[in-house]
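The listed protein sequences correspond, in order, to chains A and B.
If you're matching positions, the first sequence starts at 1 in UniProt numbering and goes up one per residue.
If you're matching positions, the second sequence starts at 1 in UniProt numbering and goes up one per residue.
Honestly, the hints are just simulated from the structure, not real lab data.
As the structure is a prediction and not an experimental result, all values here were calculated from the model.
C-beta: ideal position from N, C-alpha, C; glycine also.
It is possible that part of the hints are untrue.
[To be verified] Interface residues of chain B toward chain A, partial, derived using beta-carbon atoms under 8 Å: (1) 3; (2) 6; (3) 9; (4) 10; (5) 13; (6) 17; (7) 62.
[As the list claims (entries may be wrong)] Straight-line alpha carbon distances no greater than 25 Å define the calculated DMTMM-like cross-link-like pairs of lysine to aspartate or glutamate that follow: (8) B:139 <-> B:60; (9) B:232 <-> A:101; (10) B:232 <-> A:5; (11) B:2 <-> A:101; (12) B:154 <-> A:67; (13) A:70 <-> B:42; (14) B:80 <-> B:48; (15) A:70 <-> B:7; (16) B:139 <-> B:24; (17) B:2 <-> A:5; (18) B:80 <-> A:7; (19) B:154 <-> B:167; (20) B:139 <-> B:66; (21) A:99 <-> B:66; (22) A:99 <-> B:24; (23) B:154 <-> A:19; (24) B:2 <-> A:74; (25) B:2 <-> A:61; (26) B:80 <-> A:76; (27) A:70 <-> B:24; (28) A:99 <-> B:60; (29) B:139 <-> A:7; (30) B:2 <-> A:105; (31) B:2 <-> B:60; (32) B:154 <-> A:5; (33) B:139 <-> A:5; (34) B:154 <-> B:129; (35) B:139 <-> B:55; (36) B:2 <-> A:19.
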Amino acid sequence: MIRDDNEAILTQAAGWRADGIAVALAHVIATWGSAPRPVGSLMAVSATGAMAGSVSGGCVEGAVALEAAKVLSDGEPRFLSFGISNEMAWEVGLACGGKLEIYVEPIQ
Amino acid sequence: MKGRVFDALRTALAERRAVALVTDLGSGLQTLVDIEGRQQGDAGLEDEFLPQVVDAIRADRRGIVEFYDGRFFINVFPPKNRLLIIGAVHLAQALVPAARLAGFDVVVIDPRAAFATPDRFPDTDLVTEWPDEALATLKPDARTAVVALTHDPKFDDPALIASLASDAFYVGVLGGRKNQAARLQRLRAQGVADDRLERIHGPVGLDIGAVSPAEIAVSILADIILCLRGHKWKAD
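Let's have the full structure, built from the sequences with the hints guiding it.
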């Protein structure tokens with residue numbers, strides 16, 4: 001069953017870890033304007049590219065998963081920010097006009 | 001996040017203990033703090049910082065805070081919301097999966113063993129005690145909603161009296177307006193104060209014209225969520 005709560009996301013992450021798959025955790029740490037998911041929302045990303053949870057309405061999850069893969073390969077946490085007017089390398093943003101900042105870390 | 005912090009966080013959630021995960025955004029070090037101020041993790045927090053974290057847990061407040069020259073992200077993990085359903089009735093069979101979908105832990109209470117069966121409620125916590133006994137054990141807290149669905153005063157009334165004396169954020173009971181008036185009289189006669197009676201949501205649920213058990217389950221859940229969150233867009 002799909003459940004949108006942090007406990008279910010962490011349970012999924014624990015399941016991946018039990019199978020020997022590395023997991024990165026993305027935290028929404030700040031939002032401005034009409035961001036769809038509140039501060040504290042989590043998304044777990046496995047080394048195989050599977051995702052649990054969300055950090056936006058589906059607008060930036062793909063980009064976060066790509067960054068999560070880098071976090072898992074070098075073990076270094078990363079800060080990501082997304083917004084409608086950002087000048088970032090990846091061409092994703094929030095069509096709603098919101099802005100958000102995300103912290104991605106490996107679970108060691 | 002260190003594996004042992006991750007495990008400690010999951011243990012706290014499983015035990016329904018509210019905790020905050022404090023991440024030093026400079027170093028990546030993390031500390032898990034509970035509402036008593038007990039710490040577990042990579043680094044001990046400064047004595048002056050700790051009360052701020054405990055306040056954040058109490059207020060369910062997440063975000064970045066500055067402390068001296070450090071930036072910290074406080075994420076609060078409250079215990080899951082819980083729904084206690086009195087009456088293992090047809091409507092409860094619809095309400096259990098609906099409430100789970102919305103992230104609630106669910107317990108169904110009914111002393112009638114013929115109703116409270118695993119066949120009717122697969123993978124569900126079933127308690128076959130009288131409602132007042134069951135509630136004395138389950139202790140509804142501020143993240144607990146209680147709904148009485150039996151239509152039978154000998155089950156519903158003791159459940160209401162027990163939940164109105166608790167911190168439950170929602171107390172609802174099924175039944176038409178005429179039945180509700182009679183119920184209030186009965187409870188008042190049993191010494192329940194008026195300010196407590198005012199907390200009862202009866203008829204239970206948001207008025208969306210629900211007819212079927214599944215629709216009524218949606219209306220009950222909508223009302224509970226409204227009590228929990230409040231209106232987002234205020235009416236003009």
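Now for the hints, and whether the structure bears them out:
1. 3: holds (6 Å)
2. 6: Result: holds, 5 Å to nearest chain A Cβ.
3. 9: holds (7 Å)
4. 10: holds (6 Å)
5. 13: For residue 13 of chain B, the interface hint holds, since the closest Cβ of chain A sits about 5 Å away, which is under 8 Å.
6. 17: Where the cut-off is 8 Å and the nearest Cβ of chain A is about 12 Å from residue 17 of chain B, the hint is violated.
7. 62: holds (4 Å)
8. B:139 <-> B:60: holds (21 Å)
9. B:232 <-> A:101: holds (23 Å)
10. B:232 <-> A:5: Measuring from Cα to Cα gives roughly 20 Å; hence the hint holds.
11. B:2 <-> A:101: holds (22 Å)
12. B:154 <-> A:67: violated (59 Å)
13. A:70 <-> B:42: holds (23 Å)
14. B:80 <-> B:48: Violated, at roughly 29 Å.
15. A:70 <-> B:7: holds (24 Å)
16. B:139 <-> B:24: Roughly 36 Å separates the two Cα atoms, so the pair is violated.
17. B:2 <-> A:5: holds (21 Å)
18. B:80 <-> A:7: The given pair, whose Cα atoms are some 8 Å apart, holds under the 25 Å limit.
19. B:154 <-> B:167: Satisfied, since the Cα-Cα distance of roughly 22 Å is no more than 25 Å.
20. B:139 <-> B:66: Since the Cα atoms of residue 139 of chain B and residue 66 of chain B sit roughly 37 Å apart, the hinted pair is violated (cutoff 25 Å).
21. A:99 <-> B:66: Within the cut-off at roughly 20 Å; holds.
22. A:99 <-> B:24: Holds, at about 22 Å.
23. B:154 <-> A:19: The given pair, whose Cα atoms are some 50 Å apart, is violated under the 25 Å limit.
24. B:2 <-> A:74: holds (15 Å)
25. B:2 <-> A:61: Given that 25 Å is the threshold and the Cα spacing comes to 23 Å, the pair holds.
26. B:80 <-> A:76: Judged against 25 Å, a Cα distance of about 31 Å means the pair is violated.
27. A:70 <-> B:24: The given pair, whose Cα atoms are some 21 Å apart, holds under the 25 Å limit.
28. A:99 <-> B:60: holds (22 Å)
29. B:139 <-> A:7: holds (22 Å)
30. B:2 <-> A:105: holds (10 Å)
31. B:2 <-> B:60: Satisfied, since the Cα-Cα distance of roughly 24 Å is no more than 25 Å.
32. B:154 <-> A:5: violated (36 Å)
33. B:139 <-> A:5: holds (23 Å)
34. B:154 <-> B:129: holds (13 Å)
35. B:139 <-> B:55: holds (24 Å)
36. B:2 <-> A:19: OK: residue 2 of chain B and residue 19 of chain A at ~17 Å, within 25 Å.
When the structure is compared with the earlier hints, violations turn up for hints 6, 12, 14, 16, 20, 23, 26 and 32 and for no others.
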